[in-house]
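Starting from the structure of chain A, add chain B where the hints point.
There are 2 protein chains.
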Amino acid sequence: MTDVKHMKWWGWGVEGVGFHHEDKPAFAPFVKKAVGLDVWQPAGEQPSFEDLDVPASQAPASLVQGLAAIVGEKQVVTDDLERVIHTYGKSIRDLMRVRAGILPRVPDVVVYPADEAESQRIVALAAQEDAVIIPFGGGSNISGSLEPEKGETRPVVSLDMGRQRRLLELDEGSGLARIQAGALGPDLEKQLNDRGWTIGHFPDSFTHSSLGGWVATRSSGAQSDKYGDIADIARGMRLVRPDGIAEIRAIPSASTGPSVREMIVGSEGRLGVISEVTVQVHRRPEERQIQAYFFPSFSAGLKAMHEISESDASPSITRVSDARESGFSLATSKESKGLSGAAQKGLMAFLKKRGWNLDELALSFIGYEGSPSHVRYQKRIVGKIVRKHGGLGVGAGPGALYDQKKFDTPYLRDFLLDRGAAADVSETAAPWSKLQDVYDTVVKAANGAYDSIGVSGWIMCHLSHSYRSGACLYFTFAFVTGEDKIAEYDVVKSAIQQSFIDAGGTLSHHHGVGVEHALWMEQDISPEGVAIMRGLLESADPQRILNPGKIITDVRVPEAR
Amino acid sequence: MTDVKHMKWWGWGVEGVGFHHEDKPAFAPFVKKAVGLDVWQPAGEQPSFEDLDVPASQAPASLVQGLAAIVGEKQVVTDDLERVIHTYGKSIRDLMRVRAGILPRVPDVVVYPADEAESQRIVALAAQEDAVIIPFGGGSNISGSLEPEKGETRPVVSLDMGRQRRLLELDEGSGLARIQAGALGPDLEKQLNDRGWTIGHFPDSFTHSSLGGWVATRSSGAQSDKYGDIADIARGMRLVRPDGIAEIRAIPSASTGPSVREMIVGSEGRLGVISEVTVQVHRRPEERQIQAYFFPSFSAGLKAMHEISESDASPSITRVSDARESGFSLATSKESKGLSGAAQKGLMAFLKKRGWNLDELALSFIGYEGSPSHVRYQKRIVGKIVRKHGGLGVGAGPGALYDQKKFDTPYLRDFLLDRGAAADVSETAAPWSKLQDVYDTVVKAANGAYDSIGVSGWIMCHLSHSYRSGACLYFTFAFVTGEDKIAEYDVVKSAIQQSFIDAGGTLSHHHGVGVEHALWMEQDISPEGVAIMRGLLESADPQRILNPGKIITDVRVPEAR
Chain A
0 MTDVKHMKWW GWGVEGVGFH HEDKPAFAPF VKKAVGLDVW QPAGEQPSFE DLDVPASQAP
60 ASLVQGLAAI VGEKQVVTDD LERVIHTYGK SIRDLMRVRA GILPRVPDVV VYPADEAESQ
120 RIVALAAQED AVIIPFGGGS NISGSLEPEK GETRPVVSLD MGRQRRLLEL DEGSGLARIQ
180 AGALGPDLEK QLNDRGWTIG HFPDSFTHSS LGGWVATRSS GAQSDKYGDI ADIARGMRLV
240 RPDGIAEIRA IPSASTGPSV REMIVGSEGR LGVISEVTVQ VHRRPEERQI QAYFFPSFSA
300 GLKAMHEISE SDASPSITRV SDARESGFSL ATSKESKGLS GAAQKGLMAF LKKRGWNLDE
360 LALSFIGYEG SPSHVRYQKR IVGKIVRKHG GLGVGAGPGA LYDQKKFDTP YLRDFLLDRG
420 AAADVSETAA PWSKLQDVYD TVVKAANGAY DSIGVSGWIM CHLSHSYRSG ACLYFTFAFV
480 TGEDKIAEYD VVKSAIQQSF IDAGGTLSHH HGVGVEHALW MEQDISPEGV AIMRGLLESA
540 DPQRILNPGK IITDVRVPEA R
Chain B
0 MTDVKHMKWW GWGVEGVGFH HEDKPAFAPF VKKAVGLDVW QPAGEQPSFE DLDVPASQAP
60 ASLVQGLAAI VGEKQVVTDD LERVIHTYGK SIRDLMRVRA GILPRVPDVV VYPADEAESQ
120 RIVALAAQED AVIIPFGGGS NISGSLEPEK GETRPVVSLD MGRQRRLLEL DEGSGLARIQ
180 AGALGPDLEK QLNDRGWTIG HFPDSFTHSS LGGWVATRSS GAQSDKYGDI ADIARGMRLV
240 RPDGIAEIRA IPSASTGPSV REMIVGSEGR LGVISEVTVQ VHRRPEERQI QAYFFPSFSA
300 GLKAMHEISE SDASPSITRV SDARESGFSL ATSKESKGLS GAAQKGLMAF LKKRGWNLDE
360 LALSFIGYEG SPSHVRYQKR IVGKIVRKHG GLGVGAGPGA LYDQKKFDTP YLRDFLLDRG
420 AAADVSETAA PWSKLQDVYD TVVKAANGAY DSIGVSGWIM CHLSHSYRSG ACLYFTFAFV
480 TGEDKIAEYD VVKSAIQQSF IDAGGTLSHH HGVGVEHALW MEQDISPEGV AIMRGLLESA
540 DPQRILNPGK IITDVRVPEA R
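As given, the protein sequences belong to chains A and B, one line each in that order.
Using numbering that gives the first Met the number 0, the first residue of the first sequence is number 0, and each one after it goes up by one.
Using numbering that gives the first Met the number 0, the first residue of the second sequence is number 0, and each one after it goes up by one.
In isolation and in its complexed conformation, chain A is listed as follows (with noise of 0.2 angstroms):
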């Protein structure tokens, strides 16, 4: 049996770690006014994976003994809990349809290669024995692209990345780290900390995401106003096709031709399995803060994250919360972090003297690298900003515990799900000019699918990345649960993911498209848009054995040639 780690089958992270909010005071309170939720009745039981039924695996043998010819015993899976632990991401979705037991189709067997020979050798195979092919790297995708499509008869081989982890080589004289696509965010992170370097990129998932995940999905992260996105950073890359390897060199810039690497960029495993990447990396930066502002409104803080953007400025991080997502991080501080206490209670009153209505304050967290005198540089200028937009400096305090804490949000779900709520996010892109509306839609949208479904239910958002020509708005959602929690789940995303076409944003940011937002594809890029893009991904794949049914649902089989 392989030693690759996976996160817990029923819900984020590892095993004995959640979220907890004995030591959070105001949290229960918030709860119960925000959604009616008392958090502090007893938890559901913990899932046990016994009572699932999961469909025995339809591998035939001489797929099992090739790859185990190709791989080793060890490393070639058939077990209910591997196979479980393969078939979904980590969506509210997905933990709701394994916690109930919901498996129509399941991975028939779950192969670790080594390295990228293995890779190759394992993906010729499947196309020889006409099996289908999932790429798998930490699991935490929330867009459904990790799933085997319902009638699969084919043989279903999930492909995990985890053994394939390490900092190939790294030229300092150009600032490029060549890495194997199945390193997690830790893994490559301190392999390139170790050597004075930092990958820039974090994303919330960081801990339980890997670097091929990141490609696959257009990932963005915390820093990527700084570092760029995923796809800026991936300069190169390697993927694994069924007859070789598509290679595409890290060059800064090319002219030849549609860009082949953004193809591949945000492919999901439908053009093949991306192997290595090779990603920009920086030496960490000499001086790294997050400092935090006050807003006297979400308004206030989207014009002034605007006019950063358009500054000298060039800040690491753009964030600022909502009135409803600023009270919720200020009631899920712990009592003696960060803002919570007798010192909020202080700056409250202040705040309040001045004239602010305290139900509207936004929070923001600008963050700052580089040198102390280039950090300086930048704080004076967006210090300038800020004031103008009557906000408010509060320090490194909050910032620092964002920074802290900010990849353990996703056991949040877990904790409400224990308790009979789904939390569940949706992230969108639009340009400045239509953010304030894409907020007021999003809004009235969600809170409508509440009321038609009948349910109590929260939504809150921040503006999580920053544009020259607009920005990320990133919602987080929760309902308490009747009696289909699934169905009202895909009243109230559904509601969510047209409001954001409708508006004018993207039907995603950076959580990619899987089966989850393939529906309003056609709305987002045009007919004729996914026309082109359908050609490419059937063309490259017209045996159809390459993660089938991602990104566009009605893929059609194409005629035998």
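Source of the hints: derived by calculation from the structure; they are not laboratory data.
Model, not experiment: these values are computed from the prediction.
Just to be clear, a hint being listed does not mean it is correct.
Just so you know, same-sequence chains aren't split out, so a pair can sit in one copy or run between any two.
To be verified - Taking lysine to any residue pairs in the SDA-like style, the calculated list, with each CA pair at most 20 angstroms apart, reads:
(1) LYS383 / ALA348
(2) LYS404 / ASP203
(3) LYS433 / GLU168
(4) LYS225 / SER313
(5) LYS433 / ILE500
(6) LYS4 / ASP50
(7) LYS383 / SER372
(8) LYS404 / ARG287
(9) LYS225 / HIS281
(10) LYS225 / ARG467
(11) LYS433 / ARG177
(12) LYS225 / LEU51
Chain B alone, transformed into the frame defined by chain A:
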């Protein structure tokens, strides 16, 4: 007859404008020494259009009438001059061929749609009539992206975008401008400037190249270091296809699968006709400076540019010339301007005294934009780095001259062609760690090629764009032509392109692929990479009517569907 104006059929730019050396006293001796050419010799006669043997138009009456029904008779042109103008771009190979009357396949008809709706009807008609569509912008292409395939038996329509040059919409709240793709640089920049904005995209071809052409060939401009390549600037686009319009909305960043936006960028007409582009624009900067610096060698200059790219400064231009190009630049200065004459002599004496080898001197330009304080801030950072690498600031004079003359360089090629020499350019990009080797390899390859064909040749180079991980090296080469100048050119050009790849560079940083660079595509992006791209192009154009044969040469005609 349409009133859209074009460049000379036999050369660059407008009639009556050309390169003159009489006011540049150092030029003639420089050329004499470099390649043994006497530029005082009388120029050859201006080519006469009467001497050309232009193949007759093969457009069937049904097609011509159909086009006239769409755009009006005035905008459908089949006369020889118009058709010849639309046969080639302006590479030196194009100019040599057209001057020699080598016209194996000339478009049969040129059509000037007034708007997107007319373009749409034209493309649909072409599909119906089985005619080839080649989109035409400013006609400045130098990669062979405009010529019809030699053996094309179907009618060929050149779709000229020259009547579609308007700024359609300016979203000042987001800095996004929707512009018709036929707008030439000056058209769109003027419309933007009038409202206080700039696109910040200034390729050397600016005066005679179009927005659609920039996107179709993945152009970069002089200020791309700051504003990005056209792939970054072009946020949204509309593409006319036989069955409708593919519309990519201007979203700041999206994770909606393989990027169709990045498939259209660089597509050179093979996916359809780019009709409108929504570009990122910027308020005109308060201050704009181009400072000149001298380095004791090109290597020192490269090292400084690398360090600048890693620094906290973000200049708009980073440019450094090798010793040969620096000598050439100083030799083409007018007596009264820039660093020529007495001032130059004095400076050189000073440097010599400081121990510089003046034969190795490398001239550099760095551009700064932003608020006055930001310009100062950046200059301080850059100044320190320049000094660290032994460089010296020489003020804004030469920079102003460069800025003013940068669009005139292409005229020099006609001047030389008139006098028995061929000059052209090739550019590449590579990681910083490989740049010196790319440079050495290319110079050696070019000189080897000159030797092998027994011509007297010259090659010079500048770094034209910096990125975090590497840079663009831009080579200009010239030689005194012998018996068969096109064959000689092909030997030299091929040697240079092959050396790009051999040393780890790309075959083109910003001139596109066309047919001139297509041979090296498999070496650049790997055979499997080309296979993916081929699938995209073939599936998007099963009828093979959209500028066939470009980017990938051996595109197979797919079986009838």
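Q: Classify it for me, LYS404 with ARG287: is the Cα-Cα distance of at most 20 angstroms met within a copy, between copies, both or neither?
A: within (16 angstroms within a copy, 43 angstroms between copies)
Q: Up to 20 angstroms between alpha-carbons, please classify LYS4 paired with ASP50: within, between, both or neither.
A: Close neither inside one copy (22 angstroms) nor across copies (77 angstroms); limit 20 angstroms.
Q. For LYS404 vs ASP203, is the C-alpha pair at or below 20 angstroms within one copy, between two copies, both, or neither?
A. Classified as within: same-chain Cα gap 10 angstroms, cross-chain 50 angstroms, threshold 20 angstroms.
(Q) Cα distance capped at 20 angstroms. Does LYS433 pair with GLU168 within a copy, between copies, both, or neither? (A) between (43 angstroms within a copy, 15 angstroms between copies)
Q | Alpha-carbon proximity between LYS225 and LEU51, which holds within one copy, between copies, both or neither at 20 angstroms | A | Neither, since 45 angstroms and 56 angstroms both go past 20 angstroms.
Q: Can you give me the call for LYS225 and SER313, within, between, both or neither, at a CA distance of at most 20 angstroms?
A: Both ways: LYS225 and SER313 sit 6 angstroms apart in one copy and 12 angstroms across, limit 20 angstroms.
Q. Should LYS225 paired with ARG467 be assigned to within, between, both, or neither, using CA atoms and 20 angstroms as the limit?
A. Classified as both: same-chain Cα gap 12 angstroms, cross-chain 12 angstroms, threshold 20 angstroms.
**Q.** Identical-chain pair category, LYS433 with ILE500, by Cα at 20 angstroms
**A.** within (11 angstroms within a copy, 44 angstroms between copies)
Q: Evaluate LYS433 and ARG177 at a C-alpha cut-off of 20 angstroms and name the case that applies: within, between, both or neither.
A: This pair counts as between: shortest inter-copy Cα distance 16 angstroms, intra-copy 39 angstroms.
Q: Indicate which option fits the pair LYS383, SER372 if close means a Cα-Cα distance not exceeding 20 angstroms: within, between, both or neither.
A: both (17 angstroms within a copy, 14 angstroms between copies)
Q) Which holds for LYS225 with HIS281 at a C-alpha limit of 20 angstroms: within a copy, between copies, both or neither? A) Classified as both: same-chain Cα gap 11 angstroms, cross-chain 19 angstroms, threshold 20 angstroms.
Q) Can you tell me if LYS383 and ALA348 fall within 20 angstroms by alpha carbon in one copy, between copies, both or neither? A) Close neither inside one copy (24 angstroms) nor across copies (48 angstroms); limit 20 angstroms.
Comparing the model with each earlier hint shows violations of hints 1, 6 and 12; every other hint is respected.
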